[in-house]
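**Q** Sequence:
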Amino acid sequence: MRSLYSERPTWLHAVPAWLKLLSIAMLGTAFFMIDTPVWLAAGALLVVLAFASLGRATRPALRLVVSVVIVAFMIAGFHAWMGQAMLGLVSALRLASACLLGAMLTLTTRFDELLNVFETLLAPLEKIGVKTGRLSLSLGLMLRFTEHFFVQWRRLDDAHRARTGRAGGFKLLAPLTIRMLVTARRVGDALVARLGQ
Numbered sequence: 000m001r002s003l004y005s006e007r008p009t010w011l012h013a014v015p016a017w018l019k020l021l022s023i024a025m026l027g028t029a030f031f032m033i034d035t036p037v038w039l040a041a042g043a044l045l046v047v048l049a050f051a052s053l054g055r056a057t058r059p060a061l062r063l064v065v066s067v068v069i070v071a072f073m074i075a076g077f078h079a080w081m082g083q084a085m086l087g088l089v090s091a092l093r094l095a096s097a098c099l100l101g102a103m104l105t106l107t108t109r110f111d112e113l114l115n116v117f118e119t120l121l122a123p124l125e126k127i128g129v130k131t132g133r134l135s136l137s138l139g140l141m142l143r144f145t146e147h148f149f150v151q152w153r154r155l156d157d158a159h160r161a162r163t164g165r166a167g168g169f170k171l172l173a174p175l176t177i178r179m180l181v182t183a184r185r186v187g188d189a190l191v192a193r194l195g196q
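Heads up, the sequence shown is in numbering that gives the first Met the number 0, so the first residue is 0 and it goes up one at a time.
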């Protein structure tokens, strides 16, 4: 599976994976607990500045970020049309901030680093008979498949633009679904071969 991970080193690459996950969890919770647009806007600005500080390492995720910004504007516009402008602004700021935080994690953290964090967190469950290795692998694969979804969507959209000069939109759903199913089958076969039934 292709990844959005950037090999270009940044200051965030040096931060341990567990600390990045903890920071995202705390910041994400804070964003959803705050209802004041001014404070949310200030927090979102800080997140944008942190994202921008990664420089060229952000290039793999720029298309994803643009898509998130468009969706955020659509949400804000819809709520404004419904007479709930403040609710729309709050929702848009929360969405954009959370997605940027997730993109920063994806760009600067290797899959095996995330897997190690999950295994450490789930280790106590081994005492009650839970196979934590497989559980942590499942969590890691969930994150990778989400990332892989956007990578494949971007590749299909680029190919469609090269042929037609326009964005693919919903026309890409069928080929995207086929690609994701093929990937899932390959990963499943690999896991069966390595881990057994």
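Derived from the structure by calculation, the hints contain no laboratory data. All C-beta atoms, glycine included, are put in the ideal place defined by N, C-alpha and C. Treat the hints with caution; some may be incorrect.
Dumping the calculated EDC-like pairs for lysine to aspartate or glutamate here, alpha-carbon to alpha-carbon at most 20 angstroms [what the hints assert, rightly or not]:
1. K130 <-> D157
2. K126 <-> D111
3. K126 <-> E6
4. K19 <-> D34
5. K126 <-> E112
6. K130 <-> D156
7. K19 <-> D157
8. K170 <-> D188
9. K19 <-> D156
If you anchor each label on the Cβ, the simulated ranges turn out as follows [said to hold, decoys possible]:
10. R154 <-> V37: 35 to 41 angstroms
11. P123 <-> V37: 26 to 32 angstroms
12. G76 <-> I127: 47 to 53 angstroms
13. F110 <-> R165: 29 to 35 angstroms
**Q** If a hint holds in the structure, say so; if it does not, say that too.
**A** These are the hints, each one checked on the structure:
{"no.": "1", "hint": "K130 <-> D157", "verdict": "violated (41 angstroms)"}
{"no.": "2", "hint": "K126 <-> D111", "verdict": "violated (23 angstroms)"}
{"no.": "3", "hint": "K126 <-> E6", "verdict": "violated (38 angstroms)"}
{"no.": "4", "hint": "K19 <-> D34", "verdict": "violated (24 angstroms)"}
{"no.": "5", "hint": "K126 <-> E112", "verdict": "violated (23 angstroms)"}
{"no.": "6", "hint": "K130 <-> D156", "verdict": "violated (39 angstroms)"}
{"no.": "7", "hint": "K19 <-> D157", "verdict": "violated (31 angstroms)"}
{"no.": "8", "hint": "K170 <-> D188", "verdict": "violated (29 angstroms)"}
{"no.": "9", "hint": "K19 <-> D156", "verdict": "violated (31 angstroms)"}
{"no.": "10", "hint": "R154 <-> V37: 35 to 41 angstroms", "verdict": "holds (39 angstroms)"}
{"no.": "11", "hint": "P123 <-> V37: 26 to 32 angstroms", "verdict": "violated (41 angstroms)"}
{"no.": "12", "hint": "G76 <-> I127: 47 to 53 angstroms", "verdict": "holds (49 angstroms)"}
{"no.": "13", "hint": "F110 <-> R165: 29 to 35 angstroms", "verdict": "holds (34 angstroms)"}
When each numbered hint is compared with the structure, violations occur for hints 1, 2, 3, 4, 5, 6, 7, 8, 9, 11.
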